[in-house]
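Novice: If you read the sequences in order, they're chains A and B. Just so we're aligned, residue 751 is where the first sequence starts under the working numbering, counting upward by one. Just so we're aligned, residue 807 is where the second sequence starts under the working numbering, counting upward by one.
Hints listed in this document are in silico derivations from the structure and should not be mistaken for laboratory results. Keep in mind it's a predicted model, so treat the numbers as computed, not measured. Treat the hints with caution; some may be incorrect.
Unchecked claim - Residues of chain A placed beyond 12 angstroms of chain B at every Cβ, according to the derived structure: (1) 761; (2) 888; (3) 893; (4) 895; (5) 896; (6) 937; (7) 945.
What the hints assert, rightly or not - Listed below are the simulated DSS-like cross-link pairs for lysine-lysine, each with C-alpha atoms no more than 25 angstroms apart in a straight line: (8) A:851 / B:994; (9) A:809 / B:1025; (10) B:951 / B:857.
Note that CB positions come from ideal geometry on N, CA and C, so glycine has one too.
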Amino acid sequence: MNYHWNWGIFWEMSADGRHTWAMTLVMGLGWTLVTALCAGIIALVLGTGLGVIRTTHSKWAVRLGNGYVEIFRNIPLLVQLFLWFFVFPELLPKSIGGAIKSMNPPWASFVPAVIGLGLFTAARVSEQVRAGIQALSRGQGMAGTAMGLTSAQTYRYVLLPMAFRIILPPLTSETMNLIKNTSVALTIGLIELTAAARSMQEFTFQVFEAFTAATVIYIIVNLIVVNLMRWLEKSVAIPGFVGPQVAEGAH
Amino acid sequence: MGEFDFGVIERSLGYLFREGMTFTLTLTAMAALGGVFFGTLLAMMRLSSHKWLSLPATGYVNLMRSIPLLLVIFWFYFLVPFIGAWIVGSPRPIQVGAFASSVITFMMFEAAYYSEIMRAGIQSIPRGQVWAGYALGLNYWQSMKEIILPQAFRNMLPILLTQTIILFQDTSLVYVLSITDFLGAASKIAQRDGRLVEMYLFAALVYFVCSFGLSYLVKLLQQRIAIIR
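Next comes chain B alone, as it looks inside the complex (with noise of 0.2 angstroms):
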């Protein structure tokens, strides 16, 4: 092990922190938050009597999941200047940064899996219970909002945030967009210097790291909600 340098990590942890983790976990926390908010839309509309509020949230989940993210990395990079022009009305593509640009495809990724979380969690509520809702006069959105979706949400939080701690290692993807998250930090300052091994070996203890002590957090909180229930 005498060639290798492993003095290169300590002098990137400024880089590698405030740039690249801080652009991982930005990016996380803003495709998880925008991800279970559509997802549950997603899921209200699957979950409608209306077909046409059912059949396009199914066949966009579907879609969403029967490809791989990183093609779906690729479709919205180049798609997402279209639409915005298409939004804003002008004639040519509109610049997006890469930064806009993947937390848009994460966002709308990722609400197809949590979708599919959020509509098991609907469905675990007995109807009775909106019946309940519908008889106390309350209209479609109080219901959902005042009795259904927080106790989903409750049921499904360990099942969403071991989503979360998926998308957190998919967002190393973001990797094929020459973006500087943790990873594409890694990998600058690894091929700069020459120290492959180091840098990517200390990349994966950091994920191992954080993604292990997270899903001990989450396996905490289902014990917890497990006796409550």
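Pulled out of the complex, with its shape left as it was, chain A reads as follows (with noise of 0.2 angstroms):
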């Protein structure tokens, strides 16, 4: 086969004049984590308080929780963006609207990336916060009524630091997941990893390099946050309690 490998292409100019291909493939990766870890916050906070009101006694409480999971659950995560980047601003008021649209140019693609990103997986967390504060047994928010704390109280300070110790091994599969998922907002203008690959292999044609170090650089970032995970769970571990599975969610 005739493909011409060139391997040095890493350290040549990039498109951009400024960079070599390997900085712009580095620079990449630091749009994924930083979309990855904003977008991460946002679905932390939102997923835990979706799982929290879906496991409460208010019947409209847990409507509310399971109608969010439906919705962001069943529409593609590519299409949640194109509604982020190209309708919300049209459903606000002129002025907002046009200001979301003229922002500079990194901007104008990672805040709605953010945002949907944030979303779409605050939902699948608040699967996995619900599944662990359901795994605890009924007994536990009992006795923290017994003890005269508050529901608040209750889940603050007995069910949530619990539940949160069981759900870490789905929650590092999650972590990776809204890394790999960042790569969809490439779509809208994004460059991230694997938007930088696709830029340095349509301007050098060297297709094979370009990829295979993305591919490389997602497997270390891979190993990275499993192990940085694995450190976490031993650390926060309680000696002697052996928290039940929560089965792991797909991709």
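Take each chain as given, in its own frame, and dock them per the hints.
Specialist: Okay, structure coming up:
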């Protein structure tokens, strides 16, 4: 086969004329991680809130939480990002919508990407949180009430600390999913890792070098995340307590 | 809402469903069938006691699961012509259509995810049943085909179907290859007529109704299977 390998391509100047291709990929990785981090914070906060209200006794709160999860789980992530990028600014009053659309280049795609990924992942986190709380024995909540804690205090000091320890393994794979899902933001113009590899391929025609590099970087990130989470699991583990395992979600 | 024209949806319904949705559903069905087939083979390889079978399968599954689907789509889009050339012995990369390329991509990608489900399914059958099969004089393939796999499929059916709903949603990512799947069709009309809001809202609604309806059916199926067990 006549494919011309050129691994030196990474040290050549990229299309922007200021960085090497290697640096382009590193900057892409940076955007991948920053986007995932910001979306992850939204997902964790909102997902925890939704997961909690889905375990309360209020019918309306449960319905609200379930409705949220169904909506955000049954629309493809790509379509959700399009909605935040193309549709959402149009539905706002003209002045606000216009201001959103005229943001400077990285931010005009970064902000919708973070919102979209954050809300999408929140639905999945809330499933884990709910499963984690329900995996605890009912007596734990009752014991909290018996001790005179309000239900907010019961969640804060009794249920959630145990639930989070139980759901750390599925949250690990959710973190990886989030990092992988940031690649979908390339469709709304965010130059994250996959987009950087793609632009390298378009300008240099060194298809396989570019994609190999991106693949290797994703695998390394994967290993780092898995080990960080394993370390976290170990350092927060309560001796003698082995939490029941919660089923893992798919990608 | 006065400035929106939802009539554009009605005018393009034929194109959206005859061209777009047909492509999406065909791709989903072929990728699901192929994915379950190769996924089952991968699961059997992973559970093999031969290292030379289990190691490559494990490596493949872990590799596919650690990179984004979009990167896999790009990989296969450029790789398939070279692999094809290698298979037919052609000196230059062969032409592979967008459809064939995306079917192969999704089949190979989903195989990794289906294989994890099938591995759990095979492992859920007690070892004794395999031994009972051998004791009856069946060989490996016969005991797999007659005893283990039918039960594994049955136990895992709801999860396999749930994964297929995810696959149905994921096929929208072929958008990056400018293919006219359902989202691609909606996006073309949206850009041609300048009706982004209407078309993308409609696309979201259609995906939601399909996925929600299917997952409701899966829930019903799950309840039926649960009663029998």
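Novice: Verify this label for me: residue 945 of chain A is non-interface relative to chain B, using a Cβ-Cβ cutoff of 12 angstroms.
Specialist: violated (9 angstroms)
Novice: May I ask you to check that residue 896 of chain A keeps its beta-carbon over 12 angstroms from the closest beta-carbon of chain B?
Specialist: Non-interface label on residue 896 of chain A holds, nearest chain B Cβ at 34 angstroms vs cutoff 12 angstroms.
Novice: Between the alpha carbons of residue 851 of chain A and residue 994 of chain B, is the straight-line distance 25 angstroms or under?
Specialist: holds (21 angstroms)
Novice: Was residue 937 of chain A rightly flagged as not at the interface, with every chain B Cβ beyond 12 angstroms?
Specialist: The assertion about residue 937 of chain A is violated, with a minimum of 6 angstroms to chain B.
Novice: Please verify whether residue 809 of chain A and residue 1025 of chain B have alpha carbons no more than 25 angstroms apart.
Specialist: holds (21 angstroms)
Novice: Would residue 761 of chain A pass as off the interface with chain B, using Cβ distances and a cut of 12 angstroms?
Specialist: Answer for residue 761 of chain A: holds, closest chain B Cβ roughly 22 angstroms.
Novice: With a cut-off of 25 angstroms on the C-alpha distance, tell me whether residue 951 of chain B and residue 857 of chain B pass.
Specialist: Given that 25 angstroms is the threshold and the Cα spacing comes to 23 angstroms, the pair holds.
Novice: Classify the label on residue 893 of chain A as holds or violated, using whether its beta-carbon is more than 12 angstroms from each beta-carbon of chain B.
Specialist: holds (31 angstroms)
Novice: Against chain B, does residue 895 of chain A hold up as non-interface, every C-beta pair farther apart than 12 angstroms?
Specialist: Label holds. Min Cβ-Cβ 32 angstroms, cutoff 12 angstroms.
Novice: Against chain B, does residue 888 of chain A keep a CB gap of more than 12 angstroms to every residue?
Specialist: holds (22 angstroms)
Violated hints, listed in ascending order, are 6 and 7; each of the other numbered hints is respected by the structure.
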